[in-house]
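Using the sequences plus the hints, can you model the full thing?
One letter stands for each residue in the lines below.
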Amino acid sequence: MSSDLLGSELLTLFRRRRTWAMLAALGLIPILIAVAIRISGGSSPGRGPAFLDQVAGNGLFVGVTAMTVAIPLFLPLTIGVVAGDSIAGEASHGTLRYLLIAPAGRIRLLVVKYLAAAAFCAAATLTVVIVGTLIGWALFPVGPVTLLSGATVDVGEALVRFLAIAGYVTVSLLGMSAIGLFLSTLTTVPVGAMAATAILAVVSQIMGALPQLEALHPWLFTHYWLGFGDLMREPIVWDSFVDNAVLQAGYILVFGTLAIGRFLTKDVLS
Amino acid sequence: MRAHDTGASRRFTRWIPAIAAPIAIGVGVVLVPMQANAAVDLPDLTPAELLELAASSEVDALSGTIEQTSELGLPDLSGLSGAMGGGSGEGDSDGSADAEASATDLDDLISLATGTHTARVYVDGHDARLQVLDRLAERDVYVSDDGAWVYDSREQAATHVTVDEASFEALEQELEATHGADAEARADQLREQFEAEAGEPMPTPEEMLDRALAKLDETTEVSVGTDARVAGREAYELVLEPRDAETLVGEIAIAIDGETGAALAASVTARGASEPAFRVAFTEVSFEAPDASVFDFTPPEGTEVTEHVVTAPTLAELEQRKAEAGATGDGMPQPVVHGEGWTTVVELPAGDGTAAGLDAEASAMLDALTQRVDGGRVLSTSLVTVLLTDDGRVLAGAVTVDHLLDVAGR
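Chains A and B are the protein sequences, given in the same order. Its first residue numbered 1, the first sequence is counted upward by one per residue in the numbering used here. Its first residue numbered 1, the second sequence is counted upward by one per residue in the numbering used here.
The set of hints was computed from the structure by calculation and includes no laboratory data. On a predicted model such as this, the values are computed, not experimentally measured, just so you know. Among the hints, a few may not be true.
Said to hold, decoys possible - In silico lysine to any residue, SDA-like type, Cα no more than 25 Å apart, as pairs:
(1) B:K215 x B:E49
(2) B:K215 x B:A263
(3) B:K215 x B:T46
(4) B:K215 x B:V337
(5) A:K266 x B:R11
(6) A:K266 x B:S9
(7) B:K215 x B:S57
(8) A:K266 x B:I23
(9) A:K266 x B:A18
(10) B:K215 x B:H338
(11) A:K266 x A:L5
(12) A:K266 x B:R10
(13) A:K266 x A:I101
(14) A:K266 x A:R97
(15) A:K266 x B:I19
(16) A:K266 x B:P22
(17) A:K266 x B:R14
(18) A:K266 x A:Y98
(19) A:K266 x B:D44
(20) A:K266 x B:I16
(21) B:K215 x B:A48
(22) B:K215 x B:R243
(23) A:K266 x A:L186
(24) B:K215 x B:A266
(25) A:K266 x A:L200
(26) A:K266 x A:L139
(27) A:K266 x B:F12
(28) B:K215 x B:L53
(29) B:K215 x B:D44
(30) A:K266 x B:G28
(31) A:K266 x B:W15
(32) A:K266 x B:P17
(33) A:K266 x B:G250
(34) B:K215 x B:G250
(35) A:K266 x A:I252
Here it is as structure tokens:
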């Protein structure tokens, strides 16, 4: 029953023109980076975003470079739209009532909405990595990849590591999706929830950049966002992957239960 | 009325998970480390026994994660170095690249002196590797019998340091040829002298340790602190407290693994401070030999490789150097050491034009870093004080400003 609900929810999400527009915008990031470097030549080491200097020598780096560029703003923005819209969007369309008339309970609806948002996180990160790899392959020479440790791995292993990076970033965004879901239960104006979620991500990153708030840093949901570099080391350091997963699980627990508390006690009028 | 009550209480029960979740997380965050530390109770040791345990440690293979935090109380320089980096115009590419490089070097230095760093270490016999984990970057040091590799992912540069063993052997042979008989005689003499002082033949290691402790005790209070858990292992704590009130060092604590005797953590606390000014500790450690592949390094393609060969000087060069050092006036100024123990002060005599040679940028930095005092400028951090006197001398030590001024005035 709930898998039916999830299936139809995913169908609705990925049939939307807005979803595809956001994925296309994300896919445009690696394309822009690759074309710009193709036209104007590579950059020198130590300038621009991480890995940018490697792109001209090895096209496989386009995906990772695009990821470092997309993480601070573009990814949170799109996730904020999907998560913030989840409940508030239905409420504003007046369809929430009908969803709840069906035998699906409110908790189940929340879970399904959350899983759909998580699926979008995965789709968004995969878009960046896959489009980046393809455009890099098309425009630049491709060869064994030099890791941060100075070790070199062949193309196959590099691609597996890039997929692992997409996984890491997906996990990184799960806590934020839970926050978006909770904010979405607070209002019937979807734009409010979307904006609030995206702004929270930016605020959290600004707090993470202030050394005066160092004690707070490990608690910010953005703290491990750029930690995916640990997957580019040899041997791979899994510490930040685990720490990140635990932190995101904490956010899911806190904001998931908050969303449940709010949604169960809410009077659904529309 | 009644219906309203049950409605309200039902409403409340639905919020219970939302209240319970943060409480559960909070309790977990507080309790888990407390429980980890509460269980540690190792058999009591005297400081001498603990030092012996540490000295007898035979760990030749390990892998682990170390974390270094330092809070030296340096003035905030981030604005300054940023201004220096941005100040250089975009016009001439060479000049701006140089300025940028120096600015990033400065940033590196500042970032090392402040904040937290994580690194992984691998040791197996003669092979060792230090892997400094920076955000989206890495610095590596590989050490093996064939020399050392230093790799920086951000610069994509590798330095290969090798030792020219032939030159060292040659020096050794030369030394033996000229001083062989002499050295032997001197060793005999030393031993006789030692035996005369001790009034007995060569002491056992324990006696040596006792004597060393007694000597240490004159300047330092050595004690065993509370057992704690470091990197998941039960560890003793060796505490060294300077008896001299003039030094800034309040306490040095070293965590020693109860099982292997290996040092697991070390911290330096400034006098009167509650948090360590500098701390380096394992957060995770294993004493099993790491996989041999972690020590492999070949510079990747496109890396700028610098070869650096360390050669031993020949005997003639050594003697020439000695002669140069002996001659007064010429050559580099030799540092003078005042005092001993915790209050040692190192003085660099006035060189030619050290202060005058500074350009505007450097002197602006000096002004931001230092404070004006009577007779010079002082850079004070929580552990180290540096005095730049007006006549160009530089004095440094882990001592108070007053003590440094006192030494300078002598």
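Outcome of the hint check:
{"no.": "1", "hint": "B:K215 x B:E49", "result": "holds (16 Å)"}
{"no.": "2", "hint": "B:K215 x B:A263", "result": "holds (22 Å)"}
{"no.": "3", "hint": "B:K215 x B:T46", "result": "holds (16 Å)"}
{"no.": "4", "hint": "B:K215 x B:V337", "result": "holds (20 Å)"}
{"no.": "5", "hint": "A:K266 x B:R11", "result": "holds (9 Å)"}
{"no.": "6", "hint": "A:K266 x B:S9", "result": "holds (14 Å)"}
{"no.": "7", "hint": "B:K215 x B:S57", "result": "holds (23 Å)"}
{"no.": "8", "hint": "A:K266 x B:I23", "result": "holds (23 Å)"}
{"no.": "9", "hint": "A:K266 x B:A18", "result": "holds (14 Å)"}
{"no.": "10", "hint": "B:K215 x B:H338", "result": "holds (20 Å)"}
{"no.": "11", "hint": "A:K266 x A:L5", "result": "holds (21 Å)"}
{"no.": "12", "hint": "A:K266 x B:R10", "result": "holds (12 Å)"}
{"no.": "13", "hint": "A:K266 x A:I101", "result": "holds (15 Å)"}
{"no.": "14", "hint": "A:K266 x A:R97", "result": "holds (12 Å)"}
{"no.": "15", "hint": "A:K266 x B:I19", "result": "holds (17 Å)"}
{"no.": "16", "hint": "A:K266 x B:P22", "result": "holds (21 Å)"}
{"no.": "17", "hint": "A:K266 x B:R14", "result": "holds (11 Å)"}
{"no.": "18", "hint": "A:K266 x A:Y98", "result": "holds (15 Å)"}
{"no.": "19", "hint": "A:K266 x B:D44", "result": "violated (61 Å)"}
{"no.": "20", "hint": "A:K266 x B:I16", "result": "holds (15 Å)"}
{"no.": "21", "hint": "B:K215 x B:A48", "result": "holds (13 Å)"}
{"no.": "22", "hint": "B:K215 x B:R243", "result": "holds (13 Å)"}
{"no.": "23", "hint": "A:K266 x A:L186", "result": "holds (9 Å)"}
{"no.": "24", "hint": "B:K215 x B:A266", "result": "holds (22 Å)"}
{"no.": "25", "hint": "A:K266 x A:L200", "result": "holds (24 Å)"}
{"no.": "26", "hint": "A:K266 x A:L139", "result": "violated (53 Å)"}
{"no.": "27", "hint": "A:K266 x B:F12", "result": "holds (12 Å)"}
{"no.": "28", "hint": "B:K215 x B:L53", "result": "holds (19 Å)"}
{"no.": "29", "hint": "B:K215 x B:D44", "result": "holds (23 Å)"}
{"no.": "30", "hint": "A:K266 x B:G28", "result": "violated (30 Å)"}
{"no.": "31", "hint": "A:K266 x B:W15", "result": "holds (11 Å)"}
{"no.": "32", "hint": "A:K266 x B:P17", "result": "holds (16 Å)"}
{"no.": "33", "hint": "A:K266 x B:G250", "result": "violated (59 Å)"}
{"no.": "34", "hint": "B:K215 x B:G250", "result": "holds (19 Å)"}
{"no.": "35", "hint": "A:K266 x A:I252", "result": "holds (20 Å)"}
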